[in-house]
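Enquirer: Dock chain to chain to rebuild the complex, using the hints, since each chain is given by itself in its own frame.
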Amino acid sequence: MIDAFNEMVDPQGAVRDGYRTVSDWLTTTSAEHLRQKQQEAEFLYRRIGITFAVYGAEGGSERIIPFDIVPRVFSRSEWQVLERGLTQRVKALNAFLNDVYGPQEILKAGVVPEDLVLLNSSYCPQMQGFKVPGGVYTHIAGIDLVRDGPENFYVLEDNARTPSGVSYMLENREMMMRLFPELFATNKVSPVDHYPEELLATLISVAPPNCADRPTVAILTPGSFNSAYFEHSYLADRMGADLVEGQDLFVLDNKVYTRTTRGPRQIDIIYKRVDDDFLDPLAFRPDSMLGVPGLFSAYRAGNVTLANAIGAGVADDKAVYIYVPDMIRFYLGEEPILNNVPTWKCANPDECAHVLAHLDELVVKEVHGSGGYGMLVGPTSSRKQREAYGRRIKADPKAFIAQPTLALSTCPTFVKKGIAPRHIDFRPYVLCGREIRIVPGGLTRVALKEGSLVVNSSQGGGTKDTWVIDD
Amino acid sequence: MLLSRTADNLFWMSRYIERAESIARLIQVARRMAMTAAIGLGTRNEWESVIIIAGCSEAFYEQHETANARTVTDFLVFDLDNSVSLMAYLGRARNNARSARTFFTSDMWEALNSTWIQARERIAERSTRNDPVEFLEWVKERTMLLRGATIDTMLRDDAFIFCQLGTYISRATNTSRLLDVKYHVLLPEQESVGGAVDYYQWMAVLRSVSAHRSYHFVYKDDLNPAKIAEFLILRPEMPRSLVTCLREVDGYLGQLGEMYGQRHECQRLSGELFSELRYGQIDRIFAEGLHEYLTRFVKRTALLSDEISRSYLS
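Just so you know, the protein sequences line up as chains F and V, in that order.
Counting from 1, one number per residue, gives the positions in the first sequence under my numbering.
Counting from 1001, one number per residue, gives the positions in the second sequence under my numbering.
Next comes chain V alone, as it looks inside the complex (with noise of 0.2 Å):
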């Protein structure tokens, strides 16, 4: 039996993890963005557009003058008492996973519990915080650690549906929010890539994805903005794409509806979001316009998510 507030815990702590992945990858890139702006090929503060991705303008603003290198990873790596941060992220994962943890196996528990014991002796750390590199590449290791053995060892019944819903609800919407923010900074009007700049900071999109490889095998093509959005959007070879993340969204909320010999609106709300981008193409993306879509899209995804509460956290 699955007490509502259990498969929340699960719900959320997968989703914890998931943004703590993802502000590693973003700080990663920036990072190695920042060391291609100094060889002078771009003025762009590039760690301004990594606190609009993360959402937390207001709450950087408030405590910091600037964005640079130092500030950023400060406030949304290290920072306990910023709710936002990838430590207060992963806290808020362990404790979750704490409440719920007779869901856990010992190999997941263990996982999780190990990384949040380490984060904490490594922050501690000067080293760490002076040069975070090896940090946050760990972090990714230890989320991908935790996510195999949830996949490996986890029973595949409710509970393992809920955490995979909130892994792939996060996903999609960090992966529409870096795409937003990317994509409306670097090109307000023009429509194609001109010149080295605009290059890198191309690859440093697909790169915090991990997609700057697998992008050439999939179009043959040089870097081309409206192939990077579909890529990411549409592409249901590229495992954090929308259409993936919604696939296997509406998937396991289909498993959940046959499981409990009920369907609700959630699932009916995944179908649609889910074959819309199945059957979606980048030419009506881009004439409706990418950011009026992938703001929509975001909005979706949250009145999914609202709706997944509903009917089954609470």
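Excised from the complex, chain F in its bound form (with noise of 0.2 Å):
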């Protein structure tokens, strides 16, 4: 970690630009104050209710997230770059999602493999050939982008199916202002709080064909017992969406309807958070208590407009992430503004066979894991964890992916002992309707765990907020 790349101060000692106003604060501030300031946080988040749920928590049925009251900064020339990196990506995804259910030229011309796609277990087979309205199937990307020196920005992973996090970057601006309204004072911190005004015209954007005048709006929600349902219901608020379940839609005539206090009210835009598989029990999984009977015959027959579009999926699998920066050339014809992180795929022997002699360098990942569960990471694992994992990879190869472990930028946190660095990774949050909108800021997370490459907040993890600031 001594050799990660300190976001804030250089090796000299210096403070980076950007940071100078952040830096006077912490040394001018003393740690009491913020140690009480971190207290007034939690107690804040815990009252308004910004809690979710940890799966298999023991006792736990909500958590707060820990929130980092030191925030992360961004100068407005590196945010230039990620934005156009960010819209450069967004851009390719969508056009390799619409070439997949379309003429699949990409795969004709051999530059991603056909089984990668077509045996996917996202890749949807229904949705072949159906022209979803805009030609947008990934309204709502996250893209995880990590750091390793002052111009080296790489993309860790994409998410084209349900980002979720938005709620605590709008929260946590919130809850700086209220705790530290001197800084914003001192510092032109760009807001994002209009980001669900930015998402709701996106998804207006993409209206179904014959719909109203003023499309309506809602956020499908498999419940109050999702791990996300808080976001789910701020957003709902915010954009004015109505929040429903599947039990309170039904489809008649292949159009969807709500059931209201008034009787039945039609829905042209439904932002899913749903899974693909669990979104129509007469469609795809016959067991799901959580869709609407009938949603995908009215998505075909052009009657419902669904964000992000069903087998989008597709595009965020981790195997299929290896040939991104190749369909940014081949629908794009550019470079990629933004680099992957090094792959290795363990479907290829030769590249199995190097993963396998280099665990302990290695961080390793299964190709449809989610949230940091079931990975390795090979330099803070023991001997035992990497033969257990060695097994796993040699029993079902293909389903692994590796990659080098990054020295993670850090950023100074407030921990126990006082302000330390701890490594940081960032979501931003990429609209892509008509046009692509990317809000100046998003999540930063942060593994709270000294030395800990791990940010997920389901392990531990904690959220800073994020600034752009003017140079």
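What the hints contain is simulated information worked out from the structure, not anything from laboratory work.
Where a beta carbon is used, it is the ideal one built from N, C-alpha and C, also for glycine.
Derived coverage of chain F by chain V (criterion: at least 3 residues anywhere in the stretch with Cβ under 8 Å from a Cβ of chain V; other residues may be distant):
no., segment
1, 239–247
2, 252–264
Not the full set, but computed from the structure, chain F residues with beta-carbon under 8 Å of chain V:
no., residue
3, R47
4, S224
5, S233
6, A236
Expert: The following block contains the structure:
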């Protein structure tokens, strides 16, 4: 961790641009005061009810995600590079999905292996040949970024299905403004609060062709027991959209309606936070209690827009990830602005051998995993863990990919001992409708344990407010 | 746009809050009465009647042999596994509110959420279990806070109406049950209060609806069971009387009818029920038989609730 790029302080100890006022603030504010504010934040989050459910945790049905009061800062020029890179990447992902469910040029050209797509569990054959409204498949993409140097940003992972965490981006900013108003007087921090408006505009721009003047928007949630429920209700509230569960909707004549106190009301656009598999017991998993029978027919009939589109998961598959730079070249004729992390596919025997021989140096992930579960962080693992993991890889090589352990950048974080560097990553939210919109900010996740590289909230990570400030 | 499920959640949330408060009141009064009994003014088991009024005799006697202060308080207040305990009602109310979150102002949500969080902390303390007096008083404060937040900050639209409907339907039913059990238990045949025992019993009834002083404001006489019954059923000044509750219910259903441009059986039923109460006379109620009258009232209120569900909540 000593070698990791410290975002605030360079190796000589000088404070980097952008962090100057934050640094001054930290040195002139007592630890006692910071601790007090940290506690206030926790109390407020709990009172407001910004909690989430941790699956499998005993005695814990609700926790708050730890919030760290030291912001992470991007300069405007850094942000502009990110913006261009993210826009490019999401354009390519959407083009890929249009192609996969259309003419499949990229497969025919042999750029992406056919079986990787067509045999992919997220590939939805029923979507083949269907033209989605506006040609947009991934309306909301969470592109996870890491950094190991001043100029080196890497895309760690794409999330093209139901990326979550944006409510934390918004609430963290609110919290910082409440706790430290003085900081916002001295720093020109770009606001992020308009995200829900941007999201609404994005969704409305891809309303189905036959809908009324003012399309109705709903957010489909699995319900209050879902770990991200707070976010579903928060966004619905801010957007003025209805928060619905499967049981509130029904389909008649291939149109989708909600059950209201005044009778049925048609819904035109659904931002779905339910997995594709559970969306429609008539089309997908028949045992699903979360979906709406007939929803898929209504979708195919062009009477409702679903965001993100069904079948978009093919683009955020960890094995397909390797080909995203090729997609950028293929569809846009450009060189990628943001690079992938070098990745080895265990499906390839040579690469698999390399991975098995270097388990202690690599981070190995399940292709179909999420939330940081089921992965091996080589350098911090025990011999026993590596042996066990090696056996899993050998049993099913194509289910794993590996990447070098990046020394993720660090950011000063307020921990028990005071201010200390901790590893961070970054998830900006890219909105894609008729045009691409990106709000200047995102979710910075921080690994609170010293030396840990695991930032996931479900495994003890925390979050920070993220600032984009004028140079 | 108000989802039927959301309206249902709001309706029942209000009912659960009202029931929680009702339990707090019942237990407070029973404790008071038990103290009176201790000084030799009665041997009647106060705690048994609490169980009867709360309508959960069967469930109670499955778990406990006798009804006393400890068993009844544990069962009706603290037991989270018992779906009709005060704590369970608070939990269910909060769950419902969570599902209907977007209709809550921050004042309302924080009032309810903090109540739930603090209630759980408090009941974990031994001192609360051993002496629940302060806890029950606190619960009443919190339910009043939530109602105040609702009335003062919630948007006065259909969501608000469903909250109010839940409160008043529950309140009417609770008042009715209280009166029915007490009257039935106390005075099977006689009509007049005789002696100190009955006086304290009737005071207990009035206290549980916060009416022990207001009774005397309205009636300059001594306690008289017929007048008490009249007070709790027919007097419009009494905020918890059946007539007041039905006036609110009928008024809100009328507003809903106007808002939606449609009236249903529930509007007719509430109008009918309210009119009967508005023009009712206590002599005629006694002629029918108070118990019969109240039983009939509870049934019709339940029917009204079903009709509301049918037309709006499903």
